[in-house]
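Student: If you read the sequence shown in my numbering, its first letter stands for residue 685, the second for the next number, and so on.
If you are wondering where the hints come from, they were derived from the structure by calculation, not from laboratory data. Hints may contain errors.
To be verified - Quick list of in silico lysine to aspartate or glutamate cross-link-like pairs, EDC-like style, CA-CA up to 20 Å:
no.: 1; residue 1: K878; residue 2: E800
no.: 2; residue 1: K895; residue 2: E864
no.: 3; residue 1: K844; residue 2: E800
no.: 4; residue 1: K895; residue 2: D807
no.: 5; residue 1: K895; residue 2: E863
no.: 6; residue 1: K844; residue 2: E892
no.: 7; residue 1: K871; residue 2: D807
no.: 8; residue 1: K871; residue 2: E800
no.: 9; residue 1: K895; residue 2: E772
no.: 10; residue 1: K878; residue 2: E889
no.: 11; residue 1: K895; residue 2: E800
no.: 12; residue 1: K716; residue 2: E801
no.: 13; residue 1: K871; residue 2: E772
no.: 14; residue 1: K871; residue 2: E780
no.: 15; residue 1: K880; residue 2: E840
Model, not experiment: these values are computed from the prediction.
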Amino acid sequence: MARNSGNETTAPKVKKRRWYHQVWDVFQMTRKADPSVPWIMLAILLVTVAVGWVAGMLINPGVTWYFLIVSFPIGILIATIFLSRRAERAAYSRIEGQPGAVSAALGTIRRGWNIEEEPIAIDARTQAMVFRAVGRPGVVLVAEGGNRGAQHRLLESERKRVNRIIPEVSVSLVQCGREEGQVPLPKLANAVRKQKSERRLTSAEITEVNKRLRALHTARMPVPKGVDPTRMRPDRKAMRGR
């Protein structure tokens, strides 16, 4: 085996990141956005242990220690779930209002959907954008930026284009924002998933519809990337210690 010469340097070994490193990163990010998170998590743990102690005293004082042992991991689990929810909220708050935030929110939708990461329509004057998702309910067009009027006009224009290509598929319109009638960014993914239509598409139909619509939009403008909530959310498996 050949030895390294004196001038060569050995590449530093990359330290493997464990699941608890990911949890710590999520905790640090969330704590910066909301300093009250550590205290609330501690309160959740203490209250859960206290409930376990009271339950043990009422049921059988002789085995109170058993209830304390059981209540401690339950408290950690509840506190971790709380951290996960707050981390997701913090991630959305960091990107809300930025161009492309809708793309990041739609990216949290997993199975059964084809999501376009870049806008399919842009109003250069108002900075309104339209993104597209294709799933079981059909085609869902989501607008962000500008005002309600600009979003409505851009959505209606895009709806007509889609209807000309696939008139048999349902098209739903969603406006993202904080004005009346709009969907806030943190609730956008659920709003898209819960869209209803008279005819549900199969997996094969979703793929075919997406191909036909992609052929319709050949030129797209790149979107400035914000913080992706999918990267900021804690790893569920890591939280369970897997």
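Student: Against this structure, judge whether each hint is valid.
Tutor: Hints, verified against the model:
1. K878 x E800: holds (18 Å)
2. K895 x E864: violated (34 Å)
3. K844 x E800: holds (18 Å)
4. K895 x D807: Since the Cα atoms of K895 and D807 sit roughly 24 Å apart, the hinted pair is violated (cutoff 20 Å).
5. K895 x E863: violated (33 Å)
6. K844 x E892: Between K844 and E892 the Cα gap is close to 19 Å, so the pair holds against 20 Å.
7. K871 x D807: violated (24 Å)
8. K871 x E800: holds (18 Å)
9. K895 x E772: violated (32 Å)
10. K878 x E889: holds (19 Å)
11. K895 x E800: Distance of about 11 Å is within 20 Å: holds.
12. K716 x E801: violated (28 Å)
13. K871 x E772: holds (11 Å)
14. K871 x E780: holds (12 Å)
15. K880 x E840: holds (18 Å)
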